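Going down the list, the protein sequences come from chains E and Y. The numbers in the working numbering rise by one with no breaks, and the one at position 39 of the first sequence is 39. The numbers in the working numbering rise by one with no breaks, and the one at position 92 of the second sequence is 92.
Keep in mind that a hint or two might mislead.
Unchecked claim - Ranges of calculated distance between the beta carbons of each label pair, as one might list FRET restraints: (1) Y:Gln123 x E:His27: 36 to 44 Å; (2) E:Ala40 x Y:Gln8: 51 to 59 Å; (3) Y:Asp69 x E:Val16: 34 to 42 Å; (4) Y:Gly158 x E:His47: 26 to 34 Å; (5) Y:Gly61 x E:Leu12: 30 to 38 Å; (6) Y:Gln36 x E:His21: 45 to 53 Å; (7) E:His21 x Y:Pro28: 41 to 49 Å; (8) Y:Arg72 x E:His21: 13 to 21 Å; (9) Y:Gly61 x E:Val16: 54 to 62 Å; (10) E:Arg8 x Y:Val5: 44 to 52 Å.
Said to hold, decoys possible - One side only, chain Y facing chain E, incomplete, derived with CB under 10 Å: (11) Leu18; (12) Ile60; (13) His108; (14) Pro112; (15) Arg143; (16) Gly158; (17) Met173; (18) Leu175.
The hints are simulated quantities; they were obtained by calculation from the structure and are not laboratory data. Bear in mind that the values here come from a model prediction, so they are computed numbers and not experimental data. Glycine residues also receive a C-beta, built at the ideal position from the N, C-alpha and C atoms.
Spelled out, the chains give:
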Amino acid sequence: MVLAAQDRPLPLYRRVLLRLHLGICGHCANFRQQIDLIRAAIRRVDHQGRQADE
Amino acid sequence: MSHDVLLQQLETLRPSLLRFAQLQLRNPVWAEDAVQDTLVAVIERPQSFAGRAALKTWVIGILKHKIIDLLRKKGREVQVEVEPDESQDDAFDALFAADGHWASPPTHWGDPDATLERSEFFQVLELCVEKLPSQTGRVFMMREWLELETDEICKELGISTTNCWVILSRARMRLRECLELNWFGEKRVVS
Numbered sequence: 001m002v003l004a005a006q007d008r009p010l011p012l013y014r015r016v017l018l019r020l021h022l023g024i025c026g027h028c029a030n031f032r033q034q035i036d037l038i039r040a041a042i043r044r045v046d047h048q049g050r051q052a053d054e
Numbered sequence: 001m002s003h004d005v006l007l008q009q010l011e012t013l014r015p016s017l018l019r020f021a022q023l024q025l026r027n028p029v030w031a032e033d034a035v036q037d038t039l040v041a042v043i044e045r046p047q048s049f050a051g052r053a054a055l056k057t058w059v060i061g062i063l064k065h066k067i068i069d070l071l072r073k074k075g076r077e078v079q080v081e082v083e084p085d086e087s088q089d090d091a092f093d094a095l096f097a098a099d100g101h102w103a104s105p106p107t108h109w110g111d112p113d114a115t116l117e118r119s120e121f122f123q124v125l126e127l128c129v130e131k132l133p134s135q136t137g138r139v140f141m142m143r144e145w146l147e148l149e150t151d152e153i154c155k156e157l158g159i160s161t162t163n164c165w166v167i168l169s170r171a172r173m174r175l176r177e178c179l180e181l182n183w184f185g186e187k188r189v190v191s
């Protein structure tokens with residue numbers, strides 16, 4: 001569901017279930033954090049530069 | 001910014017532009033075309049900039065538009081490579097043991113902001129994206145870098161919505177694995 005939520009809106013009940021689960025499952029919360037980081041990183045890639053650019 | 005200074009700055013930017021275009025398009029000829037079109041557009045419509053960073057952001061914005069135009073024209077021409085037989089379910093199921101628990105629990109990757117401050121991290125990330133199979137990389141970048149909605153992606157590439165979602169999930173899982181192996185390493189920090 002974490003992966004699905006990246007690309008399409010989940011129905012409300014699934015969002016609730018997911019949130020409840022992430023609240024108690026540390027491993028899944030880590031997974032979610034990892035997937036979120038990947039998205040955040042790609043969003044920032046334009047502002048990064050090899051030394052030569054800056 | 002004088003014309004000469006602008007040209008100089010664009011030359012400095014060119015390698016990055018090519019890199020991004022190639023990561024997205026997976027076709028060196030198209031990438032070169034997209035970058036050329038971008039540079040021409042920039043030179044034809046000079047703007048004033050507070051600094052290099054602002055120029056870079058603007059130029060990359062134009063690059064993305066040029067790439068989207070290219071994908072709209074050529075999207076269906078891209079070959080769908082034959083990927084090793086790996087369904088989304090197999091790849092996902094492999095993460096879990098028979099009892100339903102994580103086979104190898106995802107580690108805590110630490111403070112995301114700290115990670116995003118490191119330029120070496122971005123080098124590793126780019127390599128990981130580069131390593132994705134062509135179609136997977138293309139779809140992933142259209143979603144995350146061009147920030148297109150999935151139905152637009154499916155339309156341009158001529159693939160089904162479900163297939164799109166499968167490809168995106170696969171991309172994320174591979175990137176996750178690649179980053180785990182090449183950046184975050186064996187740290188088993190419990191959050």
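Note to self: Tell me if the beta carbons of Asp69 of chain Y and Val16 of chain E are separated by a distance inside 34 to 42 Å.
What the structure shows: Given range 34 to 42 Å: holds, Cβ gap about 41 Å.
Notebook entry, point to check: Within 30 to 38 Å or not, the Cβ separation of Gly61 of chain Y and Leu12 of chain E?
Noted result: Given a distance of about 35 Å, which is inside 30 to 38 Å, the answer is holds.
Margin query: For the restraint on Leu175 of chain Y, tell me whether the closest CB of chain E is nearer than 10 Å.
Written below: holds, 5 Å
Check: Would the hint on Ile60 of chain Y stand, with a C-beta cut-off of 10 Å toward chain E?
Finding: For Ile60 of chain Y, the interface hint holds, since the closest Cβ of chain E sits about 5 Å away, which is under 10 Å.
Item checked: Minimum beta-carbon distance criterion (10 Å), His108 of chain Y to chain E -> At 5 Å from the nearest chain E Cβ, His108 of chain Y passes the 10 Å test, so the hint holds.
Check: Is the interface hint for Met173 of chain Y satisfied, with its Cβ closer than 10 Å to some Cβ of chain E?
Finding: holds, 8 Å
Checklist line | CB-CB spacing for Val16 of chain E and Gly61 of chain Y relative to the 54 to 62 Å hint | finding: violated, 38 Å
Next item on the list: Take a look at whether the Cβ-Cβ distance between Gln123 of chain Y and His27 of chain E falls inside 36 to 44 Å.
Entry: violated, 28 Å
Notebook entry, point to check: At a threshold of 10 Å, is the proposed contact between Leu18 of chain Y and chain E supported by beta-carbon distances?
Noted result: violated, 12 Å
Notebook entry, point to check: Can the hint on Arg143 of chain Y be confirmed by a CB-to-CB distance to chain E that is less than 10 Å?
Noted result: holds, 7 Å
Item checked: Cβ distance range 26 to 34 Å for Gly158 of chain Y and His47 of chain E, holds or violated -> The hinted range 26 to 34 Å holds for Gly158 of chain Y and His47 of chain E, with Cβ atoms some 33 Å apart.
Notebook entry, point to check: Does Pro112 of chain Y meet its interface restraint, that is, does its C-beta lie within less than 10 Å of any C-beta in chain E?
Noted result: holds, 5 Å
Consistency note: the structure conflicts with the earlier hints numbered 1, 2, 8, 9, 11, 16.
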